[in-house]
Each structure stands twice: as structure tokens, then as C-alpha cells.
Amino acid sequence: MSETFTKSMARNIFYGGSVFFFLLLLALTFDTESALPELDNRENLTEEVALGKRVWEKNNCVGCHTLLGEGAYFAPELGNVYQRFGNSTDAIKGFIMSRPKDGIPGRRSMPQFNLSDEELEGIAQFLKYTSGINTQNWPPNIQG
Amino acid sequence: MTYQSQSVAKPYFIVAIALFVGQILFGTILGLQYVIGDFLFPEIPFNVARMVHTNLLIVWLLFGFMGAAYYLIPEESETELFSPFLAILMFWIFAVAGVLTILGYLLVPYATLAELTMDDLFPTMGREFLEQPTITKIGIVIVALSFLFNIGMTMLKGRKTAVSLVLMIGLTGLAVFFLFAFYVPENLVKDKFYWWFVVHLWVEGVWELIMGAILAFVLIKTTGVDREVIEKWLYVIIAMSLITGLIGTGHHFYWIGTPEYWQWWGSIFSAMEPIPFFMMTIFAFNMVNRRRRNHPNQAAVLWALGTAVMAFLGAGVWGFLHTLAPVNYFTHGTQITAAHGHMAFYGAYVMIVLTMISYSMPMLNGRKEANSNKSQIVEMWSFWIMTVSMVFITLFLTGAGILQTYMQRYTDTPISFMEVQDKVAIFYWLREGAGIFFLIGLIVYVASFFIGGDEPEATVKDAA
Amino acid sequence: MKNRNTPPGDLAIWIFIMAELSVFAIFFAVYAFTRANNVELFNESQLTLDRNLALINTLTLITSSYFVVRAVAAIRENNAKHCFNWIIAALLMGLLFLLVKSYEYNHHYSEGINLRTNKFYMFYFSLTFFHFMHVLMGMVILAANAIKTRAGNYTPENHTGLETGASYWHMVDMVWIILFPLIYVMR
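Protein chains in written order, with my numbering: chain A, 30 to 173; chain B, -10 to 453; chain C, 102 to 288.
Hints listed in this document are in silico derivations from the structure and should not be mistaken for laboratory results.
Among these hints, one or two may not hold up.
[Unchecked claim] Straight line, CA to CA, 27 angstroms or less: simulated BS3-like cross-link-like pairs of lysine-lysine:
#1 C:Lys249 x A:Lys36
#2 A:Lys36 x B:Lys146
#3 A:Lys122 x B:Lys210
[Said to hold, decoys possible] Per the computed footprint, the stretches of chain A lying under chain B, defined by three or more beta-carbons under 8 angstroms from a beta-carbon of chain B, are:
#4 38 to 47
#5 86 to 96
#6 99 to 105
#7 114 to 128
#8 156 to 170
[Stated by the list, open to error] If you want the ones that stay clear, here's a sample from chain A, every Cβ over 12 angstroms from chain B, calculated:
#9 Asp60
#10 Glu62
#11 Asp131
The structure presented is a predicted model; accordingly, all values stated were derived computationally and were not measured.
We treat Cβ as the ideally placed atom computed from N, Cα and C, and that holds for glycine.
Please model the complete structure; the sequences and the hints are all you need to start from.
Okay, structure coming up:
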């Protein structure tokens, strides 16, 4: 009697299944790309925002904070910090500027990054832009 | 050791373990910073320590995978490695690049490191887990390509087995998907979307192939079960991994600015992601039960069974806990994620590399099959200390995460992130304690290499 | 015919079929649950679907399944030539299904309706497109079976490969038979 469970069939299923689902992923990715303009707040993606994203990256902000829930869990979520700070970019800038160089005894504290005015404005605008992304109503409340 | 060139694996494994120690040391620093906020501030701020912790993990696992491949591929292909010289050369390049990068993190502020490495020319820095300077990333690509070339050529001139083929596909996928690390669009949503093509398609995609292949290899060697049977199951398991895991990527797309349908697609497919891990557990125990021989290296068998169980718990169960969109809405980006991350990485990838090291190190050290009894007993102790510690780390983080989710997200009167952190501090203290135990377990593990070296090899006890 | 206590075809395909059916089952359950909470929206959107075309597609797939049954029967009688022809007939039916379905999709897209229009269409497109890809996959497998039949690889005693392809094709057919009433008809 013939073999009822063969290695070659298992192999074919692996190849076939992988290709199948990879193509499906590509199809959904393609659809997502066409949907993004309505969701990603790109109309507000200015040069300033792009600079702010660079500042965000260069200072490894994601090493402590989450942004839209992704990052480290040591410091508050910043996807909605613009709203939490009363829809004020000045409040964001003020907070960043006022961080003590040597920290706060016994407490977590954000480092003093000594950002230039341009960088400060950029990061604040970046966070404002981020808060305008359609995140399907996440986070559940203002606390992030 | 059947082929002389397999010995290039040894330096890879030694450096892997050394970096592992570094990773855990920084882990304990991070744990302490969670409760003593100004610990080592401003010299080593949290983000730097975390970067060192996660990057060391990735780099040492890569060292482990490469070492495993250099050991495994010649034996499967029944031929010497194509170029042992290239393997050693790449070892040094990777080791130096890795050490320099970590020193860069520690010695200068991250922004300065970005300046020094001229990140503005081709910006790729500052994204989670992919913080390496662009120049390091290019180095990783060069090392990966040379490595794939080396083992690919070895396979071409020798026997082609399912195990080596699957390993090769996994490692090639690893290199290919890493290329998304070079795509950093200005658009944050796209940035996040394609970032997952590295991170998710690594750990919930092609790395599972690598894990499956290594596990299959060790099981073939230690149980003596027919290769046909093991390879057949290997294919079925990794088929399941990719079938569920590819669309399962969607569970990262719920709240980052992508269309709502990902909540459905992601939930449905990622709900099935535990299946391949469950199959792997069944598979490992089944093969060991059907063994045709008792292998004297019982420590390696323990690791192999351990990794199958812990991968299922960490990746499967803890992943499922928060993968459904309605649950994830509240748990996204909390300590629940951290709990899952810790146990999944330990169970699936740390333990599979340690399985391979445990299996091959005796031979690399000139033994016939196994270390002495004394050494194995110490190693098994380290297995239990580390594994139990990790279970507790995961449980404490889960506790913290549940409270955090409730107080900050779920209740009608949510309180702020920092207040919640203070309220759950007791869990962080307990986690730090478990972390110290883990470090002790790791020290015991390292000690096992220096114990019982001059004693005779363990022999097979009475057949069970 | 031989006596056996295992399902026809290779056991590996049954593991795969089980996994696929679980996905569809979850999808169907989620559909039912979501519909229960949005009955009006679902009923209203459902009216824009072309039930006649879907019925044609249902008959097409059932017919193709019948052809596949005939193909397996033919090889058991050692008639490889008939077997090949029946598989080709089944493939043509599969092609017809794809054409009709593509026509439907084209119609929706020309009206600006897509995956993101509303919850109903999300399910409609997700489920039918996922199934659409399965038909494609099934056709690839059947085509491989046809080539092997032509090459004389199957005998009355050993045609596991063909049974495997047939099992998969029947699954694809069966999923549609559930999908059709669920999405197009049930109100």
C-alpha cells in the first residue's frame, strides 16, 4: 500500500502554503497603501514634522516612550500627548526644555537633550501631527 | 565532530554566551531603574541600557544561529565547510562591529553617535531594535551575505537534507527581511507598517524555520528516530508557522493608522499562531518518547524539550492572551507586551541556541558525545534556575500589566501613566528579584563549562 | 478498491485542510457575530450583491467537484486519458468561477465599493477574496495532478497525489457552499 503521509507532500504544503499566504499579505499590503492617504494625516506632514521625526529618532525617544503603543514601556505614551497637554505645542516644548540635567532623586526623569529651538519646534510639531493619525480610536482614553 | 571545519562554530558560541551575560547584566540594571528611577542617571539612562539589552540579545542570537549553522550544515551536507577562513573572518568582523556599536551606545549620547556615524547621509537610526548606526547595519548585511554564501556553497557540494534546506530558507529570509531596516519613510504610519516586516517576519516568521530546523537536527541526533519522520513533521510545523504567521502580522496593525480590517485579519490568523508552537511541543516529546537510543548528553535533550514547552507558553499562550483586537485595544503597549516578549524570546530563541550549544559544545571540545555527568548536572541546574526565573519574571510583569491595563485604560476613572507605575512598583521589585535569580542561573550555566572537564564522559544509563 | 482506515489522499493535506477550515470557521463565526450587531447594515448592503452570478458560481463549483470525482473514478479503472480529460474539465469550471467572480469584483470597484466601505463589505471582500485565492491554489494543484496523470504517474493502486488534490478541491467547493448562503442569501 502506498505511503499515506509523505515527506514530499508535507514539503509541497510548506512551499505552497507559504507562497499563498505571502501573496495574500502582499495583496493586503497593497490595499493598505491605497487606504493610507485617508488615515495617516499626510496632509499635515510638513518639513517641520519630518525634521521632528529625525529629532525623535536621533535622540532614541522610543527607548523609553511608546508612540502609538510601540516602543519601551518606561515612560508615557506620546501618540496623544498633544491632546493630553491641552492641544499645546508650547506645553510640549516647555516640558522638554525644563528637564533637569542631573535627574530627580529617586525618580524617573527624562534626560536634558539640549535641543535647539528648531529641533524643539520640530519635535512638538511631529507629536502634533502624530496625534492626528486615525488610530481606530486608540488609546482608550487621554492617559494613553 | 565529523568534520574538522565544524570547529568554526566554537568561537561563535563562546561570544554568544559572553554577550548573553552582558545582556542579562543590563537587564538587571533596567529592572532596577524601573523602581529606582535615577539609578545610574544620567550616565546610563534607561533608553541606553535598554538598547544595549535588546541589541545584545539580537546580536548574540545571530551569533548563535550562525554558529549553529556552521556546525549543522557540514554535518548534514556530509562535507567540509566551503570556506572556514571566510567564516572566521566574518566572525571577527561581526564581533568587532558588535562590540564597537555597543561601546558607541554606552560612551556617547545617542545623538552624538548618530552624528559620528553620519546618520544624516542615510538615516536609519532611532527605531526600536534597529537602533544600530547605518554603518553597522551595512556590516550586518555583508556578514549575512558572506555567511549565506559560505553555507550555501557547502550545501551545494554536499548532501541536501530537509533540515539544512529549511535552515537555509530561514536564514535567507532573515537576511532578506532585514533589508526593510533600511527603509525609513518620513510618513510615520508607513514607517511603523514596514518596520514590522523586519520585526514580525523575523520572530514570528523565518526565525521559526531556523528554530524548527535546529530542533529537528538535535532530535535526530539525540533520539535516533528515523530522519524521514522528523523531517516530515518539520515541514508540517513550519508550514503552519508561515500560514498563520504571515497574515498574523496584522495583529501589529490594529492601532498604528492602518485600515480597520486588520483587526479582523490579524485577530483571526494570529489566534492560530499558537498551533505551530503546540505542534512543536507534541513533536519534541513524541520523538523523545519514540527514541531508539538513550543519548548520553541528557542536558541537550532537556534543553530541546524545554525550548519546545517554553516557546509554546511564551510565544503561543502569552501571545494569544493579548492578540485579539478587542483585548489588545486595552493591553497594547503595556507590561503585558513586555511579559510576552520576555518569555517568548527566552523560550523560542534563547533556548534553541542553548540547545544547540549544549548538544555541540562537547564535541567542539574534543569529547565523543557528551560532557561528564558532573558538568551536565550543573548545566541542568542552570536550565531550571533560568527557566523558573523566567516564568516568574513573566508572571510578575503580567501582574503589573493587568493592573496597568485596568487603572490606566479600562476603568472609568483612568489615572496617569506615572501614577500607575508607582502603584504597581511591588511587581517591578519582584520582577527584579526574579531577574537576579536568572543572572545566578546564567552564572551557573557558564560555570558548567568549567566543571568536570577532566572527568570521563557520561555514559548511557539503563535504557528506559 | 482497497480497504483502509485513513482518509483519501495524503494525511498531510488533511492537517492543512483542518487548519484552513478552522480559519474559515472562525471567519464565519465572526461574520455571524458582527452581523447580529449590524443587521440592517448587512441586509442593506447585501442587496447590492448579484445573487444570480453567485448561484452560477455555486453550480460551477459543484459541477467541477463532480468532474474531479469522475477523474478519480477514471484512474481507479486505469483510464488515465479519461482521468486527464475530467481534470481539465474541472479546471475549466474553476476558470469560469474566477471569471464570474472577477466580473463581480470589477462591478463593485467601478462603483467605488471596496474592503473599507463598511463592515459588510469588509467581510464580503475578505471572505470571497480569501476563497478566490483558494480556488486559484486548488487549480494549481489540479494542474499539477493533470500533468502527472498525463505522464502516467498514477495507477489504480497508487494515486494518492490525485486524491490529495481532489480532497483539497472538495474543501474549496465546500467552503463556497457555506459561504454562498451565508453572505449572499441569508437575511
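Worksheet item: Quick one, are Lys122 (chain A) and Lys210 (chain B) close enough, alpha carbons at most 27 angstroms?
Response: With a Cα-Cα distance of about 61 angstroms, the restraint between Lys122 (chain A) and Lys210 (chain B) is violated, given a limit of 27 angstroms.
Worksheet item: Given as covered by chain B, does the segment 114 to 128 of chain A meet the bar of three residues or more with CB within less than 8 angstroms?
Response: violated (count 0)
Worksheet item: How about the segment 86 to 96 of chain A: do at least three of its residues have a C-beta closer than 8 angstroms to a C-beta of chain B?
Response: holds (count 10)
Practice prompt. Decide, holds or violated, for the assertion that all CB atoms of chain B are farther than 12 angstroms from the CB of Asp131 (chain A).
Written response: 6 angstroms, violated
Practice prompt. State whether the coverage of the segment 156 to 170 of chain A by chain B holds or is violated, taking the criterion as 3 or more residues with Cβ-Cβ distances under 8 angstroms.
Written response: holds (count 10)
Practice prompt. Measuring Cβ to Cβ, find out whether Asp60 (chain A) lies farther than 12 angstroms from everything in chain B.
Written response: 7 angstroms, violated
Practice prompt. For the pair we were handed, Lys249 (chain C) and Lys36 (chain A), check the Cα-Cα distance against 27 angstroms.
Written response: At roughly 18 angstroms apart (the allowed maximum being 27 angstroms), Lys36 (chain A) and Lys249 (chain C) satisfy the hint.
Worksheet item: Has the given pair, Lys36 (chain A) with Lys146 (chain B), been kept, meaning a C-alpha gap of at most 27 angstroms?
Response: Answer holds: Lys36 (chain A) to Lys146 (chain B) is near 23 angstroms, not above 27 angstroms.
Worksheet item: When you look at the beta carbon of Glu62 (chain A), is every beta carbon of chain B farther off than 12 angstroms?
Response: It is violated; Glu62 (chain A) is separated from chain B by about 8 angstroms at its closest Cβ, not greater than 12 angstroms.
Discussion item. Taking beta carbons only, do three or more residues of the segment 99 to 105 of chain A come closer than 8 angstroms to chain B?
Written reply: holds (count 7)
Fill in: Given coverage of the segment 38 to 47 of chain A by chain B, tested with a Cβ cutoff of 8 angstroms and a minimum of 3 residues
holds (count 6)
Violation of the numbered hints given earlier is confined to hints 3, 7, 9, 10 and 11; the remaining hints are satisfied by the structure.
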